[in-house]
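Participant: Put together the whole structure using the sequences plus the hints.
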Amino acid sequence: MYDKTVRRRRAVLGLLVVCSLILLTAYFGESGGGALHGVQRGTSEVLNPVQEGASRALKPVRDLFGWFGDTLSAKGKVEDLTAERDRLRAELARQENATYQNARLAKLLETQGALELGAYAPKTARVTTASPTVWYATIRIDKGSSDGVRVGQPVINEEALIGRVTAVFRGAAQVTLLTDTKSSVSSRAGARNVFGMVEPVGAGNPNDLLLKFTGPNARLNPGDRVVTRGTVSDTDRYPSLYPPGVPIGVITRIDNEGTDTEEVHLRPYANMRNLDFVRVLTRTREVAG
Amino acid sequence: MTPDGAKLAGRLVALAIGGVVVQTTAVSQLPIAGANADLAPLLVMAVGLLCGSLAGGSFGFGVGLFLDVVTMQTLGVSSLVLLAVGYGAGRLREARDPEGSLVPLAAGAIATLTFSIGFALMQFLLGIDAPLSWALLRQILTTLVINALIALPVYALVRRSLLAALPDDPRRRRRRAYTTGGLSPLSRS
Chain A
757 MYDKTVRRRR AVLGLLVVCS LILLTAYFGE SGGGALHGVQ RGTSEVLNPV
807 QEGASRALKP VRDLFGWFGD TLSAKGKVED LTAERDRLRA ELARQENATY
857 QNARLAKLLE TQGALELGAY APKTARVTTA SPTVWYATIR IDKGSSDGVR
907 VGQPVINEEA LIGRVTAVFR GAAQVTLLTD TKSSVSSRAG ARNVFGMVEP
957 VGAGNPNDLL LKFTGPNARL NPGDRVVTRG TVSDTDRYPS LYPPGVPIGV
1007 ITRIDNEGTD TEEVHLRPYA NMRNLDFVRV LTRTREVAG
Chain B
5 MTPDGAKLAG RLVALAIGGV VVQTTAVSQL PIAGANADLA PLLVMAVGLL
55 CGSLAGGSFG FGVGLFLDVV TMQTLGVSSL VLLAVGYGAG RLREARDPEG
105 SLVPLAAGAI ATLTFSIGFA LMQFLLGIDA PLSWALLRQI LTTLVINALI
155 ALPVYALVRR SLLAALPDDP RRRRRRAYTT GGLSPLSRS
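From first to last, the protein sequence lines stand for chains A and B. The opening position of the first sequence corresponds to residue 757 in this note's numbering, with each subsequent residue numbered one higher. The opening position of the second sequence corresponds to residue 5 in this note's numbering, with each subsequent residue numbered one higher.
These aren't lab readings, by the way, just hints derived from the structure by calculation. Just to be clear, a hint being listed does not mean it is correct.
Unchecked claim - Derived DEER-like restraints, expressed as beta-carbon distance ranges: (1) A/Asp1011 with B/Gly131: 35 to 43 Å; (2) A/Glu835 with B/Leu136: 32 to 40 Å; (3) A/Arg1023 with B/Glu98: 46 to 54 Å; (4) A/Ser901 with B/Thr6: 43 to 51 Å; (5) A/Lys938 with B/Pro102: 37 to 45 Å; (6) A/Ser829 with B/Leu170: 40 to 48 Å; (7) A/Glu840 with B/Ala168: 54 to 62 Å; (8) B/Val17 with A/Ala830: 14 to 22 Å; (9) B/Ala168 with A/Arg981: 43 to 51 Å; (10) A/Val795 with B/Leu156: 34 to 42 Å; (11) B/Leu170 with A/Arg981: 56 to 64 Å; (12) A/Trp823 with B/Gly131: 54 to 62 Å; (13) A/Glu835 with B/Gly131: 38 to 46 Å; (14) B/Leu170 with A/Gly874: 58 to 66 Å.
Model, not experiment: these values are computed from the prediction. Built from N, CA and C at the ideal position, the CB exists for glycine as well.
Facilitator: Written out as structure tokens, the structure reads:
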């Protein structure tokens, strides 16, 4: 009887291990439109309403935890914010003057003015779920293909760019954040518009990104701002997914400056761990332009 | 399947679905010291400790598969690692039958560590381009501490939700008999 139980236990265990390995191999080997991906998408489609309902129901709990966290961190931020306020006041005075001059120049030269993201038909969406592991920096939002959301569209929050849409369902979409290991955004930085690629430092670090491929004479400084480059190719076959000039982050430090191993670190403006509402830019650059 | 078995299976399915939904919709969005709790290994550990290796392993496989589907991750990764966690917890119960009140805490910490390391190994084997950084280690350690702290309430919650459907374990019955005085074989003699 005991032997039978042990044999049964081992047989079930072996069967489940084999099932896992088959699933893993098949999933990893197939394309994005394969059968297992289809099953995954179909199941997600069915579960989206449940997750959305649960997300709304559990929002008070999240808010309560958030309130405790905010209260604790707010005390530490007062001094930083006071210093930043003083700096911003001085900057505002300069900006007002620059804005006045800019408006006159713009009229004079009949330029189209600065790019406005309103032209990209932003759609506001609520964040319903977030990936529980540090290996995947993804979130799920409650807007999908029925709202005009498509794979590849950029996603921003009230502060800056946060990522792009990587999977779309009828009433929901998956967003891969800038901090995901698969993320890469062409960008420009500083007053000299140095080009580079913003990529994550590694998994599990939402407050640190790297600006790569800047070249040996980039001459960037801590405090320089990094925005999307918004490139267009000569043939228009591979335009950037992101509009130009969307803020990404600010350079915090430069390691091994001037050497081949130079690493430009930046802190994203958006707090990737505290996303509640986001906006998907649902119109492509060509249409918006 | 016996009615008791069906009842237990039903409760385990409900627990798996409820646990994964709560994890993805609430717990994953509650950062504590830069990380968040991970209910999956704790639930699987609790089921393994309460129901044994077979149920623990199967529950781990199911929770992992559901988690991979819901979060659009590579299918089979979480299920393989959680299967090992559930089986290990079940074997601990079958081989040692630990009775200490802090066993779920220690088992929860070990389950979380096993899951974190196993998941990381799988990711590296699958070729994810992510260097092993201090930030990553700090997050794993923070999750480990948070999970150890909430392991006892999670275990109590799982035990409470499964208790009515659990088969009457002879060892538990024997312990109960000795502690209730009148039913002890010594008092009868």
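Participant: Which constraints among the numbered hints does this structure fail? Numbers only, ascending.
Facilitator: 1, 8, 9, 12
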